[in-house]
Structures are given as C-alpha cells and as structure tokens.
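Q: Each chain is listed here by its residues.
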Amino acid sequence: MKKRIIFYNRTGFTTLLNREIHRFMKVPVQTVLAPLISNMLYLAIFGGMLQTRQVGIDGVNYLHFLVPGLASMGAIFAAFQNPAFSIISQKFQNTIQDLNSYPISNAEKILAFVFGGVFRGVLVGLLTYAATIFFVGYEIEYPVFFVLSLTATSFVFASLGLICGLIFDNFEKMNFVLAIVITPLAYLGGVFFEISKLPGLLAAIKYINPIYPLVNVARFAFIGVYEGNIQVQIIITVVLILGSFLSASYIFKKGIGIKTV
Amino acid sequence: MLEISNLSKTYQRGNKEALKNISLKIEEGEFTALLGQNGAGKSTLINILAGNVKKTQGIVKIGQYSIDKNELETKKIIGIVPQDTGYDFVFTVDEALKNQSGYFGIKNNDDYIDELLEALYLKDKRNARLRDLSGGMRRRFLIAKALVHQPKILILDEPTAGVDIEMRHTLYEFLIKLHQSGTTIILTTHYLEEAEILCNRIVIIDDGKIVADEPKEQLMDSFSDEVRIELHFDHELNLADLEFLKGYDPQIEEKTSLKLKVQKKDLSKVFRMITDKKLEFTNIFVEKPKLEEIYLKLISH
Chain A
1 MKKRIIFYNR
11 TGFTTLLNRE
21 IHRFMKVPVQ
31 TVLAPLISNM
41 LYLAIFGGML
51 QTRQVGIDGV
61 NYLHFLVPGL
71 ASMGAIFAAF
81 QNPAFSIISQ
91 KFQNTIQDLN
101 SYPISNAEKI
111 LAFVFGGVFR
121 GVLVGLLTYA
131 ATIFFVGYEI
141 EYPVFFVLSL
151 TATSFVFASL
161 GLICGLIFDN
171 FEKMNFVLAI
181 VITPLAYLGG
191 VFFEISKLPG
201 LLAAIKYINP
211 IYPLVNVARF
221 AFIGVYEGNI
231 QVQIIITVVL
241 ILGSFLSASY
251 IFKKGIGIKT
261 V
Chain B
1 MLEISNLSKT
11 YQRGNKEALK
21 NISLKIEEGE
31 FTALLGQNGA
41 GKSTLINILA
51 GNVKKTQGIV
61 KIGQYSIDKN
71 ELETKKIIGI
81 VPQDTGYDFV
91 FTVDEALKNQ
101 SGYFGIKNND
111 DYIDELLEAL
121 YLKDKRNARL
131 RDLSGGMRRR
141 FLIAKALVHQ
151 PKILILDEPT
161 AGVDIEMRHT
171 LYEFLIKLHQ
181 SGTTIILTTH
191 YLEEAEILCN
201 RIVIIDDGKI
211 VADEPKEQLM
221 DSFSDEVRIE
231 LHFDHELNLA
241 DLEFLKGYDP
251 QIEEKTSLKL
261 KVQKKDLSKV
271 FRMITDKKLE
281 FTNIFVEKPK
291 LEEIYLKLIS
301 H
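Protein chains in written order, with the working numbering: chain A, 1 to 261; chain B, 1 to 301.
Everything labelled a hint here was simulated from the structure, so no lab data went into it.
Be a bit skeptical, because a hint or two may be false.
To be verified - Below, computed lysine-lysine pairings styled on BS3-like, alpha-carbon distance capped at 25 Å:
| no. | chain 1 | residue 1 | chain 2 | residue 2 |
| --- | --- | --- | --- | --- |
| 1 | B | Lys-98 | B | Lys-125 |
| 2 | A | Lys-259 | B | Lys-125 |
| 3 | B | Lys-264 | A | Lys-259 |
| 4 | B | Lys-69 | A | Lys-254 |
| 5 | B | Lys-55 | A | Lys-91 |
| 6 | A | Lys-253 | B | Lys-55 |
| 7 | B | Lys-54 | A | Lys-254 |
| 8 | A | Lys-259 | B | Lys-20 |
| 9 | B | Lys-16 | A | Lys-253 |
| 10 | B | Lys-76 | A | Lys-254 |
| 11 | A | Lys-26 | B | Lys-98 |
| 12 | B | Lys-76 | A | Lys-91 |
| 13 | B | Lys-125 | B | Lys-177 |
| 14 | B | Lys-123 | A | Lys-254 |
| 15 | B | Lys-76 | A | Lys-253 |
| 16 | B | Lys-76 | B | Lys-55 |
| 17 | A | Lys-91 | A | Lys-197 |
| 18 | B | Lys-123 | A | Lys-26 |
| 19 | B | Lys-54 | A | Lys-91 |
| 20 | A | Lys-254 | B | Lys-16 |
| 21 | B | Lys-54 | A | Lys-259 |
I would like the entire structure built from these sequences, with the hints used as guidance.
A: Here is the structure:
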C-alpha cells in the first residue's frame, strides 16, 4: 500500500515555487507590464466613455466600479497563464519528465505551480489597483478582503491553468481556451458593467459564469457594494477554489500530460 | 542496489508490449551497459526507473525502497541523464544547478556544484544561459544536473550521442573516475566500443526480453571459441608457402604479417605447425571477438 504523502520536501517545494515566480519575473514586460498597460487602456477608454452611462451599479462612480473588475480580470489572465505556460513550455523543451524525478510530493508540486500563478495574479491585480490610485484614489472598503478576493480568484484560475497545461501539448490550444472561453466569460462576468442590466437571456449568464461571483466579491471588498446575494457568491467562490484545486490534483496525480501509461 | 523482478510494460497506446517479464539485479559499484536496438525496451526500462512511465506489472526496488511504496525515497538514490538534451531556456547553468539541488532538498550546494563544473569543463560557463551552450556542453551540463544530489546510481541514456570524439573521451575519463569513487553506473549506448571500454557488466535487451546478462569478461569469453591471431615476421611471406594453414583462413597483410582464424583448442597445434615449418615470427597478437560481434550474434533473429 502506497503511503499518502502530502508534505515531504519543504526545500524542494520552495525551490519549485521560486522557479515558477522567477520564470515570469525574468520577463516582466511580457508578464506584468503588458497586462497592466491593457488594464490602464481599458480604464481610460471604457472609464472615459461609459462613466456618464448607467452601466455600473446605480449611485456608484463608474471608475470605482471598474477598478476591482479590471484588477480581477488581470489576476484571472495572469494566474491562468503562469502554470499553463510553464507546463506547456516544459513539454515543448522536453524537460517535463524532470518533474517526475524530483523527490517532491504531488501535493507540493501542485501547490508550487498554483501558488506561482496566485503570486503573479495577485501582483497584477494589485498593480492594476496601484496604477489607478491617481484616477480613483486609494480608498478600499475592505483592503484585506480585497487582497483575499484577488487571491481566491487567482487560485481558481491558476488551478485551471495547471489543468490546461497538463492536458494540452501546445500553446495554440492554451490560447484557444484563453480567447474562446476565458475572455468572453470575463467580459460577461461583470468586469465592465452590471450583468443584471443585460437584456433577456444574457443576464442569466451570471448563473453559469464562474467569473461573475469572483468579480462581484472583489467589487464588494473594494467599494462595499454588490450585485445579488454576496453570501451565496462567497460560498460559490469557496466551492470554485475546492473544485478547481481538486480537479487539478486529480489530473496531476493521474500523470496526465507528464507520465506515459 | 537495483532489483527488478518480473517487470512488464504494455503501452496503452498501440497495445505495444515493450518489456516482457524481465528480471535484473544490479549490485553496488557495478558499471553496467544496457544494450539493445532502438525499440528493444531500454528506454522504457529507464523511464520506469525515472517515474516517467507506469509499469504494467512487476517489482522494482531501488536501494532498499520499492518504487510502489516509497517512490520519493527512490528518487534520491538515482540520477538520470536523459537521452534528450532538452533545457529550460530561461535559466543559466548556475541557476539551473542550484534549482536542481533545491528540488532534492539540498541548500548551499555551491562547493559541490563547483567541483562538478570543474570536472566537466564547464566552470567558465557557470553564468552562461543554457540556450547559449553547444550540444556537447549541454550533454555535460545534463550529467552535472543528474549528479548534484550525489546519487548512488547514475543512469545515462545515450550520453555520447552526437558528441565529438575528443569530448567523448573526456566523458569516459569522468565516468571512470566517478565509478572508481563508488557510484553505480548504468549506461545505454549504441557505441559498443564505449560499453567495452567502460563497463564491467553487459545486459542486452532484445524485443523486451533480456537475452544476455553477464560480467563483460565472462560474456566475451563465452563467445571466444574462435580467436584471431596476427603473427609478424621479419621477412616477406608468400601465400603459396602457407598452404598447410589453409584451414585457418590465412591472410597476408603488408607482406610480413599473417592473420589467422583459429579455434582456441587448435592454438597449440597451429603454433607447432608454424614452428615445424621453420617459420620464426617476431611478434604475436591474439584478438578476442569484439563486443559488437557478440552483440550481433545475440540479437540476430
């Protein structure tokens, strides 16, 4: 009977985590600056154009409404890309089998990849916030909760990024998921406008869109105002964290994408 | 040190049976050559040991640990030099080796990394990016990477493929020293003279089965019923004068050198025949069959 080992090699875990962080920090223009510039452009264009239209929550300054959405969206993309890109590039470089040779438990390996994504996601999210201080001021209603909400969002999408990295064997498929699945979900997840204001069936998308509760929780933490039932959305966030992480763990432990059966 | 019992592997894709119930025991300090054609099962065996391929059945013990029950402990015992020279283009040699040490739970490994880089002639490349190394340097880097945690067993999967002859001999010297320092080494190669020079045990896999597993000398002896002898004379030879040796495939080279193929049991008889004819030779070489010939005999279907 194989022993179930969760924590086995702390130095190995921190080295793997450092590598995942080091990897994206070596190319900061591509991994941090580019999404930051995109978010600032969104803020300038959408914020400038739409702040006089009632697309945000009634009674809330539109720029204040937009910042937590942009921070969450930045975190989503950054957190997803980090483990997905790392795993696929290791497959591309034929170094993925190295992962199997380390005396590091599966749980430690999974957490290292996910935490690497979380770090990048939270960093991009917070930098987005920092860059908007000049336009909207620095006040956050619940600062710790805002960081936690970015962390939760990043955790969910880092886990999903890990799954995609394991399942897919090239960047084209990863980019397909980003462009065809995640981007539309983000745009329809309440980043730029209040979903309830969408007409007819489009408004119902929020019930099946996992990004909607994540953005809404971040917005609640940022401005103290929310759409729908925030308690339910917090519970959904917890379920998404557990569901995405357990799915990633299952696929990793099965050896999909890293072992030959 | 390494014990494999009734190991089988059938790949799900294509239902290909790559290993067929093989058993193998490698003792501490051995330098074993694992030989076989492409697709014979060598890489499957190595990949099972490395954890890259899931076995279908059988028991594998590395050191005192089973790969089924104590997989993580087994990882510390082996170092693997893969066939592929894949590399992470983001990192330098130094960063990659420090990371590799960290994965094995080792902090502050700079002194040993220095030693390895010195021994593998990579010291001046310490801060070079991996993508800037030549093919030969990358091969040496992979050996350093496999050794940073000082494994008791080093497994090399065709480490000299595509390496120039000078660098190949540098690697031979390094591996000989490493073996002398007590590391158990398993080497797969298609250069049979490499196995002949370096290894003291030969394992040949053919079609997923072990067809030979013996100490090198024993294997060579068991196939050396026929030897080649070369006799040097201080005068020119004439094939017509050597009619009495016609059963031994006589061949004259450079006018004064005679080559014969002789069964071991007939050696005394042949020498007697030559001396009876008052042919005095000045030098003699006896050559056993090369590993390559033995290998070809064993894998011929």
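Q: Hint by hint, where does the structure go against what was stated? Just the numbers, ascending.
A: Violated hints (numbers, rising): 2, 3, 14 and 17; every other hint is consistent with the structure.
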